[in-house]
Amino acid sequence: MEVLERKMQTLPVPTKVIPAEQIDPKRLRTEEMVLNVGPQHPSTHGVLRLEAVLDGELVIDVVPFLGYLHRCFEKHAEAMTYPQVVPYVDRMDYLAPMNGELGYALAVERMMGIEVPEKVEYIRVLFNELQRIASHLVAVGTFGMDAGAFTPFLYCFRDREDVLEIFEKTCGARLLYNYIWVGGLSHDLHPDVLSMCRAFVKKSRATHKEINELLTFNKIFVERVANIGILKPDVAINGGASGPMLRGSGVKWDLRRDDPYSIYDRFEFEVPVGTGMMGTLGDCFDRHWVRMCEWEQSLNIIEQVLEKFPQNDKTDVQKAVPKRIKPAAGEIYSRVETARGELGYYIISKDNINPWRVKVRSPAFVNLSLLPIISRGYLMADLIVILGSVDIVLGEVDR
Amino acid sequence: MTNTEIYDKLKSAFGPVIGEWHEQTGGEYMKRLSSYADVADTSFIRDVCLYLRDEPGLEFDSLLLLSSVDNGDKTLSVAYHLESKTMRHYIALKVTVPLDNAIVPSVTEVWSHANWQEREAWDMMGIKFLNHPDMRRILLDDDWVGHPLRKDYVYPDYYRGMKVPY
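These protein sequence lines are chains Y and H, in that order.
Using numbering that gives the first Met the number 0, the letters of the first sequence correspond one by one to residues 0 to 398.
Using numbering that gives the first Met the number 0, the letters of the second sequence correspond one by one to residues 0 to 165.
No lab work stands behind these hints: they were computed from the structure.
Where hints are given, some of them may not hold.
Derived DSS-like pairs: lysine-lysine, alpha-carbon spacing no greater than 27 Å straight-line [as the list claims (entries may be wrong)]:
1) Y:K74 <-> H:K8
2) Y:K325 <-> H:K162
3) Y:K251 <-> H:K30
Take a look, some chain Y residues computed to stay more than 12 Å from chain H by CB distance [stated by the list, open to error]:
4) D23
5) T29
6) H69
7) K202
8) E212
9) A225
10) N226
11) M277
Glycine is no exception: its CB is placed at the ideal position from the N, C-alpha and C atoms.
Go ahead and model the full structure; you've got the sequences and the hints to work with.
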């Protein structure tokens, strides 16, 4: 005790006590903190690590670290023949493999000048739109969960199950299909599929309405997601954003309309864009709203496909599949609109059965690169919502 | 504008910097999106891109894809696929650099999309981008040896003391 008392006597005594109201907050010493999010974290939608630099609860900067799911797709593709690449394509965007397969098949078909039968085109469009809905259902459901709403997620997964059943009935696989081949399809439609699609459209319209009531126009949800993660249109275009991320910023750009492929030019559909209806243009709500509207537009396309579908056409779906796929020397950049945006394949052929180089422009990779720009200055809790609104699939980011 | 017209315009603006035009045979789609112009002088690529972005009438506002290629003859290439969303036209450029001195000026200032794509090109192909703000590996670990997409890449036997199984 004596030692302590002696010690206390030697300590400098404050000469003046400053009242709290006179303390200038600007002169207080503060420190930035680096918070690590992931790689194993439910709200990073896969294996993604974010290093968030925080000032209190404010996000100053975010640095994404990728590569936890890197499976060397591009290196593998160089060792495979052209048709062997298709299963690898499935494993990139595993929530929308049909879209990815169509992109790859179209690229090789364009290189070789293959015309596929009309029936195959109809089936491709039908399945691509079903896949887009399935993917948006996951996006909308998990986005709701990121914002704290659990119930819509279950409804979304219930409906996605119907799409998976349709695919399972057709090609036997539920997640990774290897269905769209270069020049054709692996299987013809099962006779039940068209009626299943009709039932799905009817059910899905009801779910769409329900999700809108439960989630989109729920005041708690709107307060949570509006006015955060604002992406300006010029920044979006310069940064290469595509899909709902670009359209959420009010840019009317959809490859199905602006650079039509397959038979999309035969169908009537609208390109929904964000308008800032609940806050600012290009915020998280706008991206969510674009996904909800696209869901409805996809249903419209499916209805038109079902109406025009050539049911009596008994063409073999593998009629145009070439025996030997060996494109002439040259290169192509070919692109399609997937659920996440512009998926491009840059394929170089050197007149061989293996591609010389396959480079993928994956929309999720590019959209994720805009995350630091749109999340600076918001709260840490908002960062999770902003990441959810980008809708990344790590299989495609890391390839 | 068709891409050959854009090529002629580039040629008149930059002269010998712009090299040959490689027309892709095949359908209309391949001609439109995949035909490319060589940029003979690599050090001008940033200026060419700035010109393409800012010149009225060209207005290439978006970089679709920046990709790296190993040509197999001791050279590497970088291909730029560009699009103008307002004018609805396309062009592709390509620069070629020697394997042992692969340095290309960065176009990140022109299109911020190039940032990660250039990092990937460095990671996978070992092409250095001058004046890039953040030239780190992106998909592989920082201590990875070599650049896997090069054709002469040798698979490692060990990684951090662990035997690579095949």
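message = Checking each numbered hint in turn, tell me which of them this model violates, lowest number first.
response = Those not satisfied are hints 1, 2 and 6.
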